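Trainee: What follows is each chain in one-letter form.
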Amino acid sequence: MKLFKNLIFISLAVFLSLKAQIKLDVNTIPNRVNVFLDGVNLGRSPIVNERIKPGLHKFEIKKSGFAPLSYELLVNPAQAVKLDFFLNPIYEVKFKTEEKGLIFEVNGEHRWDVPLVRLELEAGEHFLRVFKIGEIIDEQMITVDEPKRFNYFLQKPLTSD
Amino acid sequence: MQNYIWFILLISCLFSMSQEPTYLVLNHFDQEIPEAEKSLIKSFNNSKFEFNESIKNIFLDLDDFDNPASSHMDIIKELGAEHKVNFILLNKIEHNDDRFVLDGLLFNTRSGGLIHRRKIDLKQYLNGQINELIMWVGNTLGVQQKDWQENRESILFSDPEEIEYEKTPMGAAIRSLIVPGWGQAYSNKKVSSKVWFGVEASLSLAFILSYYNYDISVTNFLKNSNSYNTTDDEKLVSKYRSEAESDWTNHIKYSRLAIALASATGTGWVSNSIHAWVFGPRPYTNIYQEWGSSSKLEEG
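Going down the list, the sequences are from chains A and B. In terms of numbering that gives the first Met the number 0, the first sequence opens at residue 0 and continues consecutively. In terms of numbering that gives the first Met the number 0, the second sequence opens at residue 0 and continues consecutively.
Just to be clear, a hint being listed does not mean it is correct.
As the list claims (entries may be wrong) - Label pairs and their in silico Cβ distance ranges:
hint	chain 1	residue 1	chain 2	residue 2	range
1	A	117	B	37	40 to 46 Å
2	A	106	B	37	33 to 39 Å
3	A	155	B	204	40 to 46 Å
4	B	290	A	48	51 to 57 Å
5	A	31	B	50	39 to 45 Å
6	B	45	A	114	56 to 62 Å
Simulated from the structure, these hints should not be mistaken for laboratory data. In this text the structure is predicted, and so the values were computed from the model without any measurement. For every residue, glycine included, the Cβ atom is placed at its ideal position computed from N, Cα and C.
Extracted from the complex, chain A is given alone in its bound form:
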């Protein structure tokens, strides 16, 4: 009889502790990405029917070829939390110029003065700035939407097709 009471008590405790937790689903694009919750690997996405406690949590999503994502989320008490993370790909980009004496800068971070450089940039828009003899001579946004080569010219040729 005592054993039976203990079993009921343990079952109740387990049920209540599960009840206090929230159902967690994590989807990512692309799929099959390692999802870390507070440093613990939950496995590969999609994560279904995982449990999470209310409070502040840190999600980290990592996949080769994509920019890693680190995200802090305050999980409020609810029946279910569903998270969708979209990883941004990293593309290999070559930047080439035949112009002399130019210095290039992307996003205020990467700077170079050689005719050909290879960069790894996150997909999306990037800010390009061009210097000559210490002065800015050009500023424009470039869109990186695939692995490609950018050729920079000071003037558009008259006979271009």
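For this one, chain A is given, so just place chain B on it according to the hints.
Mentor: Positioned in the frame of chain A, the structure of chain B alone reads:
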């Protein structure tokens, strides 16, 4: 930061007259999203919408509460009773630099509790906000359309491993390995295509001619040697010997020439394929100085 809060009454499946749940949808955007109303109406044409911008500044501080659901229970119940809806769907769209965050919360108006929360966080999702909003509202209502998913995939940047190009450097190399110059023509490099084809065709022809002459020299040498061995006539012996010696010299000359030409043809053939790969079709964008001239991009 600008705050736009739109009050939308969405009554699901109004025309079916069934006991489908009804929703009050509240959209809170930090930036104006053009065409949002029109897109929602178009995507859920079985539902009735009423737009009202009179409700402002509720749920803005949701994450500041330890228990946001219970903290807003009274408001949720009041809104539910006022609009006679079963659920309240709150969509918060925020832009943080180049990141786009869609926070969706589903409340039950009977209990006032938060029953579902969905968060989307992504970088540089250009023009994808409306599609994500529609997908989330559709997900809550149990409606999913294939073109929403396709639209999402078309907007998102492609996985580098899944990008397929119509023309590739490897395709050019293989073509040039089959026919010299074909890979260059495939890459729209017509001059180098003609040069490679001309060079390889000339080398091949020269090799064939050399081999043909070598073969004739060998045949004649054997024939003259045989005649030399079988004749007793002094004049003919001298003639056959002289011709056989000449054939021997020619056979060595053409043999060496054929070997050299075969090597040159083979090396040129492989070089032509490597050239086709190095200068093969690759995507590029030409950027021209924007300051002081009209900016134009050329892509290939």
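Trainee: Now look at each hint and say whether the structure bears it out.
Mentor: Hint by hint, here is what the structure shows:
Checked against the hint of 40 to 46 Å, the C-beta distance between residue 117 of chain A and residue 37 of chain B comes to roughly 44 Å, which is consistent with it. Distance hint check for residue 106 of chain A and residue 37 of chain B: the Cβ-Cβ separation is about 35 Å, which falls inside the suggested range of 33 to 39 Å. Range check, residue 155 of chain A to residue 204 of chain B: Cβ separation about 44 Å, and the 40 to 46 Å hint holds. Remark: the range hint 51 to 57 Å for residue 290 of chain B to residue 48 of chain A is upheld by a beta-carbon distance near 56 Å.
At roughly 41 Å, the beta carbons of residue 31 of chain A and residue 50 of chain B sit within the given window of 39 to 45 Å. In this structure the supplied range 56 to 62 Å holds for residue 45 of chain B paired with residue 114 of chain A, their Cβ-Cβ distance being about 60 Å.
Hint check: no violations occur; every hint is consistent with the structure.
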